[in-house]
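A.B. asks: Please model the complete structure; the sequences and the hints are all you need to start from.
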Amino acid sequence: MNIILFDTESARKQLKPFTFTRPVCEMRLGLLSITEKWKAHFPDAQLSILSSLYLMEKHHFQQEDDNIFINGSLLPNEEIINEIKVLKTDEGLTHVDTVLAFRSVSFMSMYEVRSKEIDTPLRIIKRAWDLIRWNEEEIKNDIDLLKLTPSKVKDPHTVVYGEALYLGDNTNIRNASINTTKGPVVIGDNVEINEGAVIHGPVAIAKDSIISISAKIRNNVSIGENCVVGGEVKDSVIFNNSNKSHEGYLGNSVIGEWCNFGAGTNVSNLKNNLSTVRIWDYQKHEYIDSGEQKLGLLMGDYSMCAIGTNFMTGSTVGVSANVIEHPDKYIASFTWSKTEKYQLSRVLKKSNEFARLKGKTLSDAEILILEYICTS
32 MNIILFDTES ARKQLKPFTF TRPVCEMRLG LLSITEKWKA HFPDAQLSIL
82 SSLYLMEKHH FQQEDDNIFI NGSLLPNEEI INEIKVLKTD EGLTHVDTVL
132 AFRSVSFMSM YEVRSKEIDT PLRIIKRAWD LIRWNEEEIK NDIDLLKLTP
182 SKVKDPHTVV YGEALYLGDN TNIRNASINT TKGPVVIGDN VEINEGAVIH
232 GPVAIAKDSI ISISAKIRNN VSIGENCVVG GEVKDSVIFN NSNKSHEGYL
282 GNSVIGEWCN FGAGTNVSNL KNNLSTVRIW DYQKHEYIDS GEQKLGLLMG
332 DYSMCAIGTN FMTGSTVGVS ANVIEHPDKY IASFTWSKTE KYQLSRVLKK
382 SNEFARLKGK TLSDAEILIL EYICTS
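So the mapping is simple: my numbering equals the position in the sequence shown, first residue as 1, plus 31.
In case anyone wonders, no lab produced these hints; they're calculated from the structure.
It is possible that part of the hints are untrue.
Pairwise CB distance ranges, derived in the manner of DEER restraints [what the hints assert, rightly or not]:
hint, residue 1, residue 2, range
1, ASP75, SER41, 28 to 34 Å
2, LYS391, VAL136, 37 to 43 Å
3, ARG145, MET343, 36 to 42 Å
4, GLU371, ASP96, 49 to 55 Å
5, ASP220, GLU110, 27 to 33 Å
6, ASP97, PRO187, 53 to 59 Å
7, SER376, PRO181, 49 to 55 Å
8, GLU110, ASP75, 42 to 48 Å
9, LYS302, LEU399, 38 to 44 Å
10, ASN206, ILE149, 49 to 55 Å
11, ILE112, LYS183, 30 to 36 Å
12, ILE244, LYS185, 15 to 21 Å
13, GLY322, GLU226, 36 to 42 Å
Taking lysine-lysine pairs in the DSS-like style, the calculated list, with each CA pair at most 30 Å apart, reads [claimed, not checked]:
hint, residue 1, residue 2
14, LYS265, LYS238
15, LYS238, LYS178
16, LYS119, LYS157
17, LYS183, LYS265
18, LYS389, LYS315
19, LYS44, LYS183
20, LYS185, LYS171
21, LYS178, LYS213
22, LYS315, LYS171
23, LYS44, LYS369
24, LYS360, LYS381
25, LYS44, LYS247
26, LYS238, LYS369
27, LYS369, LYS381
28, LYS302, LYS238
29, LYS178, LYS44
30, LYS70, LYS391
31, LYS213, LYS380
32, LYS183, LYS157
33, LYS157, LYS171
34, LYS178, LYS247
35, LYS147, LYS116
36, LYS157, LYS44
37, LYS70, LYS381
38, LYS213, LYS238
39, LYS70, LYS147
40, LYS381, LYS391
Since the model is a prediction, treat every value here as computed from it, not as a measurement.
Ideal Cβ placement from N, Cα and C applies to all residues, glycine included.
C.D. replies: Right, here's the structure in full:
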């Protein structure tokens, strides 16, 4: 079986700043990216990605004589998987004018296949805050998907409440408090939990990450691979290779890859008048009503902020911005401070240095993506 996860233009626009640098299916929530979820459901299939041309140097695409195309915004569940498995050639599935999946020799046949409208309960990522809304349920779904079994902490000074703790290999947990009574806690391979850390599930911490001394990770949080996280974090998703290692509050936020927070950075997630939050819309180039009462910060890949930064409720930071003053609600990509253009040579130097700090190296494809976004 050859499966291709495809982007739609509307999803790419509505999910910026995260889709500047990745296909929709490469965003993560729960324990896994959307791509990884589909791979786990179809372990024997060949899987590739179809997205914007400038991203395809990094992401493999392979089309054969018989393909199943799946909308990369769609979260898998048992019902939709069963529908996909019985698709015949030139048959497709739609839901309220959204193409979910189709089987064909070519992607160009999307609107020519015989479509079946389905009313199965679905989750389609349309806005970045959907990652927060569905993160808790996806943590539980991914535990079942990966067939994880509960574990015990060896450290005698760590207190665990409840039984829903799942540990990877070589975890290092010292004098922490972990509460799973309201949701599971998943701690991946080689994760370090330092003294005084308090973790209230549901929480997922991916491999090679570090939780700082006295951190407070509370409810509905997913932390990606190779991150360092401290302070207080709630209702947030952090992608791989990012640092929020110091004190400060982060709530109802989505943070991209290769981001760094200065010490004492705080994010407001609730307006004083308790009204719904307005946030920048990249498609309309204006602020829109998110419909969310709580919404903090959307920060694109490679962006950083200085010590003591205070983000207003419903803030958006683009790709590779350097926030060094009290920021506006919207900071454009490649911006130094509020308005100065961040030159490409400085962008690449800073991004490569941060990757080395994290023990990584940016690939040629990742550098080309940055160059394309910065110059287009």
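A.B. asks: All the hints need checking, so say for each whether the structure fits it.
C.D. replies: Verification of the supplied hints:
Between ASP75 and SER41, the C-beta spacing of about 32 Å keeps the proposed range 28 to 34 Å intact. Hint check: LYS391 to VAL136, Cβ distance near 39 Å, so the stated range 37 to 43 Å holds. Between ARG145 and MET343 the C-beta distance comes to about 49 Å, which lies outside the given range of 36 to 42 Å. In this structure the hint that GLU371 and ASP96 lie 49 to 55 Å apart at CB holds, the actual value being about 52 Å.
Separated by about 32 Å at the C-beta atoms, ASP220 and GLU110 satisfy the suggested range of 27 to 33 Å. Under the hint 53 to 59 Å, the C-beta atoms of ASP97 and PRO187, about 57 Å apart, fit the expected range. Distance hint check: the CB atoms of SER376 and PRO181 are about 50 Å apart, consistent with the given range 49 to 55 Å. Range check, GLU110 to ASP75: Cβ separation about 21 Å, and the 42 to 48 Å hint is violated.
Look at LYS302 against LEU399: about 40 Å separates their beta carbons, and that is inside 38 to 44 Å. Here the CB-CB span from ASN206 to ILE149 is close to 50 Å, well matched to the stated 49 to 55 Å. Between ILE112 and LYS183 the Cβ separation comes to about 33 Å, which falls inside the hinted range of 30 to 36 Å. The hinted window of 15 to 21 Å between ILE244 and LYS185 holds, with their beta carbons roughly 20 Å apart.
Taking the beta carbon of each, GLY322 and GLU226 are about 40 Å apart, inside 36 to 42 Å as hinted. Restraint check for LYS265 and LYS238: satisfied, since their Cα atoms lie roughly 19 Å apart, inside the 30 Å limit. Distance check on the hinted pair: LYS238 and LYS178 sit about 17 Å apart at the alpha-carbon level, within 30 Å; holds. For the given pair, LYS119 sits about 28 Å from LYS157 by alpha-carbon distance, which is consistent with the 30 Å threshold.
At roughly 24 Å between alpha-carbon atoms, LYS183 and LYS265 fall within 30 Å of each other, so this suggested pair holds. Of the pairs offered as hints, the one joining LYS389 and LYS315 is violated, with about 36 Å between alpha carbons and a cut-off of 30 Å exceeded. About 44 Å separates the Cα atoms of LYS44 and LYS183, which puts this hinted pair outside 30 Å; it is violated. A hinted pair counts as satisfied when its Cα atoms are at most 30 Å apart, and LYS185 with LYS171 qualifies at roughly 24 Å.
For the hint pairing LYS178 with LYS213, the CA-to-CA distance comes to about 20 Å; that is within 30 Å, so the pair holds. With a C-alpha separation of about 35 Å, the suggested pairing of LYS315 with LYS171 is violated against the 30 Å cut-off. Annotation: proposed proximity of LYS44 to LYS369 holds, straight-line Cα distance about 23 Å (limit 30 Å). About 24 Å separates the Cα atoms of LYS360 and LYS381, which keeps this hinted pair within 30 Å; it holds.
With a C-alpha separation of about 34 Å, the suggested pair LYS44 and LYS247 falls outside the 30 Å cut-off, and the hint is violated. Pair hint LYS238 plus LYS369 does not hold up; C-alpha atoms about 35 Å apart against a cutoff of 30 Å. The suggested pairing of LYS369 with LYS381 holds, with an alpha-carbon distance near 18 Å, which does not exceed 30 Å. For the suggested pair LYS302 and LYS238, the alpha carbons sit about 35 Å apart, so the restraint of at most 30 Å is broken.
For the hint pairing LYS178 with LYS44, the CA-to-CA distance comes to about 35 Å; that exceeds 30 Å, so the pair is violated. Restraint check for LYS70 and LYS391: the C-alpha separation of about 25 Å stays at or below 30 Å, so the hint holds. Between LYS213 and LYS380 the CA atoms are separated by roughly 44 Å; this puts the pair beyond 30 Å, and the hint is violated. Distance restraint check for LYS183 and LYS157: the Cα-Cα separation of roughly 38 Å exceeds the 30 Å cut-off, and the hinted pair is therefore not satisfied.
Our distance criterion of 30 Å between C-alpha atoms is met by LYS157 and LYS171, whose separation comes to about 21 Å. At most 30 Å may separate the alpha-carbon atoms for a hinted pair to count; LYS178 and LYS247 meet this at roughly 27 Å. Among the hinted pairs, LYS147 with LYS116 is consistent with the structure: their alpha-carbon atoms are about 14 Å apart, no more than 30 Å. The straight-line distance between the Cα atoms of LYS157 and LYS44 is roughly 10 Å, inside the 30 Å bound, and the hint therefore holds.
A distance of roughly 33 Å separates the Cα atoms of LYS70 and LYS381; the hinted pair therefore is violated under the 30 Å criterion. Restraint check for LYS213 and LYS238: satisfied, since their Cα atoms lie roughly 23 Å apart, inside the 30 Å limit. For the suggested pair LYS70 and LYS147, the alpha carbons sit about 24 Å apart, so the restraint of at most 30 Å is met. For the proposed pair LYS381 and LYS391, the alpha carbon gap of about 13 Å is at most 30 Å, so the pair holds.
Hints 3, 8, 18, 19, 22, 25, 26, 28, 29, 31, 32 and 37 from the list above are not met by this structure, while the remaining hints are.
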